[in-house]
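**Q** With the hints as your guide, set chain P onto chain U.
Going down the list, the protein sequences come from chains U and P.
All letters in the first sequence, in the order written, are residues 13 to 428 by this note's numbering.
All letters in the second sequence, in the order written, are residues 13 to 428 by this note's numbering.
In short, the hints are calculated from the structure, not lab data.
A couple of the hints might just be wrong.
When chains are identical, the list treats them as one kind, so a pair holds in a single copy or across two.
Cross-link-like lysine to aspartate or glutamate pairs, in silico, DMTMM-like; alpha carbons within 20 Å at most [stated by the list, open to error]:
#	residue 1	residue 2
1	Lys127	Asp208
2	Lys127	Glu62
3	Lys374	Asp403
4	Lys394	Glu179
5	Lys374	Glu278
6	Lys127	Asp112
7	Lys127	Glu206
8	Lys127	Glu254
9	Lys127	Asp214
10	Lys127	Asp215
11	Lys127	Glu94
Computed from a predicted model, the values in this text were never measured in an experiment.
So you can see what is in the structure, the chains are spelled out below.
2 protein chains.
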Amino acid sequence: MRIEVINTGSELLLGGTLNTHAAWFGRELFALGLRISRQTTVPDGEPIREAIGEALARADVLLVTGGLGPTSDDLTREITAEVMGIGLITDQAALRSIEDFFAHRGRPMAQANLKQALVPVGADVLPNPNGTAPGVYVPPRLNGRSHCAVFLLPGPPRELYPMFHAEVVPRLRALAGIDFPPGMLTLRFTGIGESDFHQGIDDRLACIAGLEFGYCAHIGEVELRLIGTPEAIRSARNLAVETFHENLISEDGATMEETVVRLLNERGFTLASAESCTGGLIANRITDVPGASAVFTHGFVTYANSAKISLLHVSPADLETHGAVSEPVVRQMADGALMASGADIAVAISGIAGPDGGTPEKPVGTAWLALAARGAETATQKIHQPRNRHDFKLAASQAALEMVRRHLLSGSGTSA
Amino acid sequence: MRIEVINTGSELLLGGTLNTHAAWFGRELFALGLRISRQTTVPDGEPIREAIGEALARADVLLVTGGLGPTSDDLTREITAEVMGIGLITDQAALRSIEDFFAHRGRPMAQANLKQALVPVGADVLPNPNGTAPGVYVPPRLNGRSHCAVFLLPGPPRELYPMFHAEVVPRLRALAGIDFPPGMLTLRFTGIGESDFHQGIDDRLACIAGLEFGYCAHIGEVELRLIGTPEAIRSARNLAVETFHENLISEDGATMEETVVRLLNERGFTLASAESCTGGLIANRITDVPGASAVFTHGFVTYANSAKISLLHVSPADLETHGAVSEPVVRQMADGALMASGADIAVAISGIAGPDGGTPEKPVGTAWLALAARGAETATQKIHQPRNRHDFKLAASQAALEMVRRHLLSGSGTSA
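For reference, chain U alone in the conformation it holds in the complex (with noise of 0.2 Å):
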């Protein structure tokens, strides 16, 4: 089965914006068996008529993103209908939608929104639950110039992803006739990184039958994708897991934020932040995860030297003597932040994010960290992350939830 992808929006030719569509559809079609043949971007407008038109006598599957929002270069549907031979008519329940979209917004509907409800004749409307815009489907039976199945998907990742999720995949799996797609797992560490998968096991994943694997490095975390038989994936998945069981965050895709949520949920421990140089981002992090609100109590962003000392009661003698980014405040704002909180876990980090701000002894990208525990020693913890000031705040944040992580998993010091 040919599948193409046709991603359209002038932006992404411009520069301004990184088509991360495309590798998305690669994951997500790589799951389900599939490959896609070929991507290609074109302009809003007019220039993707002539890429469909092709990609119609090519393909046997064709996804299109982009294109179907209410402005006026937004013509996708309107250019693949033509160029299928096929009319548009308004679809009234997919109009319905559009107007109770507006209405539990209590905002008016545009006129141009009604040109969002027109499908081709025949043509499956597919929900829009997080958008204006319903997507469509075009089964091969109704192109009258190819063989071609058509799906016209929204460009926006929070209501493309949940409606190529629940519509698009059940048809792909009709169209293919998948049963059981390969398995995949993903197993997702941290404190690693691809260099150790090559110099440890990558040899032996090799001589497993049946098994296809690969890397995805991100900051902080290295996941390793494994496809294949049941039998193929278990042996490398306890091959990874025996050779590098520490640094396991998870193995059914969760975070390190949601692994962190999810053991103080288990253990019936609450937990504390105080952030100098990650600004708020180890909190935001937690609170992302549903239900962090049962674990998470106090966040502290004491971004100033005078919020160290009045939130978190650190010594000002020992900021001016030894700054704000050294062992000593590190550790006493993680032991005001349990003390002022009555958490049961602080955490705490203060460092140097850059650009500015660096010296000799302590370059940008130094950071301490420091965890305090009911009935335990304060530890801590120094870091070096040369990186620009967006990537540290990551890898900072990373370091510090690792750093619960692993207090959590020792099961010690601390009383609920």
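**A** Positioned in the frame of chain U, the structure of chain P alone reads:
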């Protein structure tokens, strides 16, 4: 001049690697006044043939990346020459430079690298000081099958980028006869959507000669992109800014948080935040901006009611009577943050991020916001953004930052 880009590489279609070349080429070419008409991604090896053959028939300039390496699936050089009807010969200068590359690193050259010195007869060899694969330029006159000029370029950015600037740009300028590139301006708005533009100014923008425009919607903001002659851009900019002046965040690509930090700096004010449902995201966004430490002092993430009481002195009785998501509570959060921090302005938010915790009176997506400033009445506002947890946090943080931005622009009630 019609320019197409073909990126080769199976990893791009399997989703493990994000295609950043497409956006990079878009920006580089735009700076020269050129646009990409189409970008295509194909797997390594034979699938390249079809895509290159088709592009040669359409394009004036074809830029191909990848597949110039030494391994068996690196076939770009061979396939392109074949499709163009030109033979390959070993270029002695290219061969020497590959040998030098290895000698310089004290490593023996593998037999496989020999083929990297093959170039189409009569083509220019583009030196690669950063790798073994030289680039290739086939001028239109050599191309037996079309009028298209073809560049074959290495895939790794550290090799591609310098080669593009040194070798490709001068040839593109000559091909295009470039003098002055057109201008581009991106205006960023908040509080209005794409359909407001459609109803408000779309028709009038379409009447401006020499103008191309487009919209790109994000959560809590929308970008208007203007491309064209300086006069056309000026007219369009004036129209958009006059119509939606209150909603304009920036004219220079600055984000909401960058704009808020800039305004705080200009006015010499400091800011504190008191967050419940956004869980630190407001603080995190502000501290993403370099230099935020000069204006942002304290962030309170008061996720638990006990934190609202102990850190911000919210009345337990009001929490009991009105609930945490209520005007009295959020007002006290802002007032408490202002007092506890000593900052000039404090913004506070409390809402229901979901997925649980909603009620008929306060459904998921409801939030109350407050802004307190020295010498001013504390202002409050209610929003309803029924979205998933992640998007709700983003939309709610945007509303809070917008409250601060409007306050700073109004110039009222704060003394430096």
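**Q** Is it within, between, both or neither when you check lysine 127 against aspartate 112 at 20 Å Cα-Cα?
**A** within (15 Å within a copy, 62 Å between copies)
**Q** Which holds for lysine 127 with glutamate 254 at a C-alpha limit of 20 Å: within a copy, between copies, both or neither?
**A** neither (56 Å within a copy, 28 Å between copies)
**Q** Checking an output row: lysine 394 and glutamate 179, CA cutoff 20 Å. Within, between, both or neither?
**A** Neither, since 48 Å and 35 Å both go past 20 Å.
**Q** For the identical chains here, do lysine 127 and glutamate 206 meet the 20 Å Cα criterion within one copy, between copies, both, or neither?
**A** Answer is between: at 14 Å across copies they meet the 20 Å cutoff, but 48 Å inside does not.
**Q** Can you give me the call for lysine 374 and glutamate 278, within, between, both or neither, at a CA distance of at most 20 Å?
**A** neither (38 Å within a copy, 30 Å between copies)
**Q** Which holds for lysine 127 with glutamate 94 at a C-alpha limit of 20 Å: within a copy, between copies, both or neither?
**A** Result: close within a single copy only, 15 Å intra versus 47 Å inter.
**Q** With identical chains, the pair lysine 127 and aspartate 208 could be close in the same copy or across copies; at 20 Å between alpha carbons, which is it: within, between, both, or neither?
**A** between (54 Å within a copy, 15 Å between copies)
**Q** Should lysine 374 paired with aspartate 403 be assigned to within, between, both, or neither, using CA atoms and 20 Å as the limit?
**A** within (18 Å within a copy, 37 Å between copies)
**Q** With 20 Å as the alpha-carbon cut-off, assign the pair lysine 127 and glutamate 62 to within, between, both or neither.
**A** neither (22 Å within a copy, 36 Å between copies)
**Q** Regarding lysine 127 and aspartate 215, is the shortest C-alpha distance of 20 Å or less found within a copy, between copies, in both, or in neither?
**A** between (56 Å within a copy, 17 Å between copies)
**Q** Is it within a copy, between copies, both, or neither that the alpha carbon of lysine 127 lies no farther than 20 Å from that of aspartate 214?
**A** Between copies, since 16 Å is at most 20 Å while 53 Å is not.
The structure shown violates the earlier hints numbered 2, 4, 5 and 8.
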